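Below, each chain spelled out in residue letters.
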Amino acid sequence: MSLGEGLPDIAPALLRTPEAGETGDSGSIRRLFLGVFVQNRLAVAGLMIIILMVLFSFVGPHLYVSDQLHTNLSQVTLPPSSAHPLGTDDVGFDVLGRLMLGGQTSLEVGLAAALLASVMGTAWGAIAGYVGGAVDALMMRVVDSFLAIPPLLLILLLASIFTPSVPVLILVIALISWLATARLVRGDALSLRVRDYVYAAKAVGARNGRIISRHIVPNVIGTVMVQATFSVADSILLLAALSYLGLGPPPPAANWGGMLSNGLNYSFDGDWWLIYPAGIAIVLTVVAFNFIGDALRDAFEVRLQER
Amino acid sequence: MTTFIIRRMAQALIVIVGVTIIVFVIIHLLPGGPARDILGSRASPQQIRAFIVANGYNKPLYVQYGHYVVNLLRGNLGYSYHYNQTVGSLLVQYLPKSALLVGLAYLVALIVAIPLGLLQALRRNHPIDYALTGVSFIGYSMPVFWLGIVLIQVFAITLRWLPPEGPQGSTIGAILSRPSALILPVATLAIITVAMFSRFMRSSAIENLVQDYIRTARAKGVPERRIVFRHLLRNALNPIITLVGLSLPATLSGAVVTESVFNYPGMGLLFWTAAITHDFPILLGFTVVIAAATVVGSLLADVLYAVADPRIRYK
Numbered sequence: 001m002s003l004g005e006g007l008p009d010i011a012p013a014l015l016r017t018p019e020a021g022e023t024g025d026s027g028s029i030r031r032l033f034l035g036v037f038v039q040n041r042l043a044v045a046g047l048m049i050i051i052l053m054v055l056f057s058f059v060g061p062h063l064y065v066s067d068q069l070h071t072n073l074s075q076v077t078l079p080p081s082s083a084h085p086l087g088t089d090d091v092g093f094d095v096l097g098r099l100m101l102g103g104q105t106s107l108e109v110g111l112a113a114a115l116l117a118s119v120m121g122t123a124w125g126a127i128a129g130y131v132g133g134a135v136d137a138l139m140m141r142v143v144d145s146f147l148a149i150p151p152l153l154l155i156l157l158l159a160s161i162f163t164p165s166v167p168v169l170i171l172v173i174a175l176i177s178w179l180a181t182a183r184l185v186r187g188d189a190l191s192l193r194v195r196d197y198v199y200a201a202k203a204v205g206a207r208n209g210r211i212i213s214r215h216i217v218p219n220v221i222g223t224v225m226v227q228a229t230f231s232v233a234d235s236i237l238l239l240a241a242l243s244y245l246g247l248g249p250p251p252p253a254a255n256w257g258g259m260l261s262n263g264l265n266y267s268f269d270g271d272w273w274l275i276y277p278a279g280i281a282i283v284l285t286v287v288a289f290n291f292i293g294d295a296l297r298d299a300f301e302v303r304l305q306e307r
Numbered sequence: 308m309t310t311f312i313i314r315r316m317a318q319a320l321i322v323i324v325g326v327t328i329i330v331f332v333i334i335h336l337l338p339g340g341p342a343r344d345i346l347g348s349r350a351s352p353q354q355i356r357a358f359i360v361a362n363g364y365n366k367p368l369y370v371q372y373g374h375y376v377v378n379l380l381r382g383n384l385g386y387s388y389h390y391n392q393t394v395g396s397l398l399v400q401y402l403p404k405s406a407l408l409v410g411l412a413y414l415v416a417l418i419v420a421i422p423l424g425l426l427q428a429l430r431r432n433h434p435i436d437y438a439l440t441g442v443s444f445i446g447y448s449m450p451v452f453w454l455g456i457v458l459i460q461v462f463a464i465t466l467r468w469l470p471p472e473g474p475q476g477s478t479i480g481a482i483l484s485r486p487s488a489l490i491l492p493v494a495t496l497a498i499i500t501v502a503m504f505s506r507f508m509r510s511s512a513i514e515n516l517v518q519d520y521i522r523t524a525r526a527k528g529v530p531e532r533r534i535v536f537r538h539l540l541r542n543a544l545n546p547i548i549t550l551v552g553l554s555l556p557a558t559l560s561g562a563v564v565t566e567s568v569f570n571y572p573g574m575g576l577l578f579w580t581a582a583i584t585h586d587f588p589i590l591l592g593f594t595v596v597i598a599a600a601t602v603v604g605s606l607l608a609d610v611l612y613a614v615a616d617p618r619i620r621y622k
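For the protein sequence lines, the chains are X and E, in the order given.
So the first sequence is numbered by the working numbering: it starts at 1 and just counts up by one.
So the second sequence is numbered by the working numbering: it starts at 308 and just counts up by one.
Please keep in mind that the hints were generated in silico from the structure rather than gathered at the bench.
Note that this is a predicted model, so its numbers are computed, not measured.
C-beta: ideal position from N, C-alpha, C; glycine also.
Hints are not guaranteed to be accurate.
Over 12 Å on every C-beta distance to chain X, these chain E residues come out as not near it, computed from the model [claimed, not checked]:
| no. | residue |
| --- | --- |
| 1 | G528 |
| 2 | L553 |
| 3 | P617 |
Partner residues are not named here, just some residues of chain X that face chain E (Cβ under 8 Å, in silico) [as the list claims (entries may be wrong)]:
| no. | residue |
| --- | --- |
| 4 | L34 |
| 5 | V36 |
| 6 | S261 |
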């Protein structure tokens, strides 16, 4: 007797439930993800802002060319004019062009750190949650140890050892962000490993590695995506704080946080164009990522919707 | 209940040991230790060698770690190269001041955020919810140092209501003798924390509002006010307790930047100076103490949570 005979109408519905699926990506996650943007206007606004920022930072310099390598001390802190739409900064760089360059660094660091953190955190959490027992306890104590150290203190420690170039900063910020992902993935993995399809895969003889990569990981992608979105936002703010404390990428590299903290030296002179463009860029981008992250999180927690 | 506490305490101990290992390893990644930074760029190789031998930096890592742990258990946190004091005495000087700043900020944040989050949850999707969500999003997304400097610009420079610098002084008494100078630093830290806490409170309250026990209470005809204060608040506050404990590291990080902006003579500023000047004993000692405090704090929060919510104990 084949399966199809005994289960008439409910068969298709059964096959769509997580219990019967081999991987989670039966289209439901993707559909949920896109559905968020159809329903939630704030998320759409966030996405628009991010696309705008990416275009501004990466395509902008090709449309608006300015010299970001050579300082020009005869043109310092000029207010906005037709030659320099956002004025010049304290060493003569054009602010608009510098904003674009800064955007590249800030966005690169934010996205790369979040990606690295997601990969590290997912691997760590999935293995810990799936294997369980003493291995899980040990791996989670490592995470707890890192979490007990205030992030900025940890970064200050690391930054005092290594010179802050962009790759080092990405690594350092990722080292902070992977912890939350690891914890969340481990929690999900704990509940996923007792699902029927995992037992079925074990019965068929699948190795642990295959189970983790084909069954556990695809089903935690939702949680990871939510956390990754928030990670990008936090990374951009962390980079800004580091730049303020003097541990950001050194000039002529620019980033929004560095521009803001530098410009704040001139706030009492009334040179608003040194402060607000960079500051607003940071706030807009971070808010945009937070909107998207919130919307994704609401979508993945069905309970909280319209009751 | 006792097994629960004992298990948590054992875990806390392991975590603290883990922290000491992590910080120790990070610090010793710098080749040659702090010798070159402490002695200056004109030190001769012999002087550097003498420093390294005298301070034990030439011994294997695990031996150094062993010495450190033994000292730690005796209460000796090390000796700062730059300040010429024991780390312990520096801690006694600077910790209370930071604790005051962070403690006040936390208190203000809780007093503001809990009612705010509750209001947002009760008036969900109304204009007031959107407005408050918008404000807290912006507060959450703003770099701390920008907020601090904007506050200085508005309240100290333009309006001249408050002094622009944090209170100076080496004792708590000196700090408290000028309360008006405390307002802006506490406000800066508190605003960021309120944004974080009100979001937690809002989602915690919303999660509870859709529970069956609220529906039952409403079906019974219990007045809304009683539902909110008798039932909702107690249950919604439970996760907040743990979250408040867990967010302590993040708040301490924010405190570093706030202290830098307002020149507040606290631990954060000292830590930053120590990081720049490679004063390893301070870095090591402070991190271990803060981490231990965090672990103990979250342990207490967990125990309190278990006391308040018996379902947790039987996990």
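Hints, one by one, checked against the model:
1. G528: Fine: 20 Å to the nearest Cβ keeps E:G528 off the interface.
2. L553: The assertion about E:L553 is violated, with a minimum of 8 Å to chain X.
3. P617: The claim holds: E:P617 sits with its nearest Cβ about 21 Å from chain X, beyond 12 Å.
4. L34: This hint is violated: X:L34 lies away from chain E, its Cβ roughly 23 Å from the closest one there, beyond 8 Å.
5. V36: This interface hint is violated because 17 Å lies over the 8 Å limit.
6. S261: Holds. Min distance 6 Å.
Hint violations for this structure: numbers 2, 4, 5, all remaining hints satisfied.
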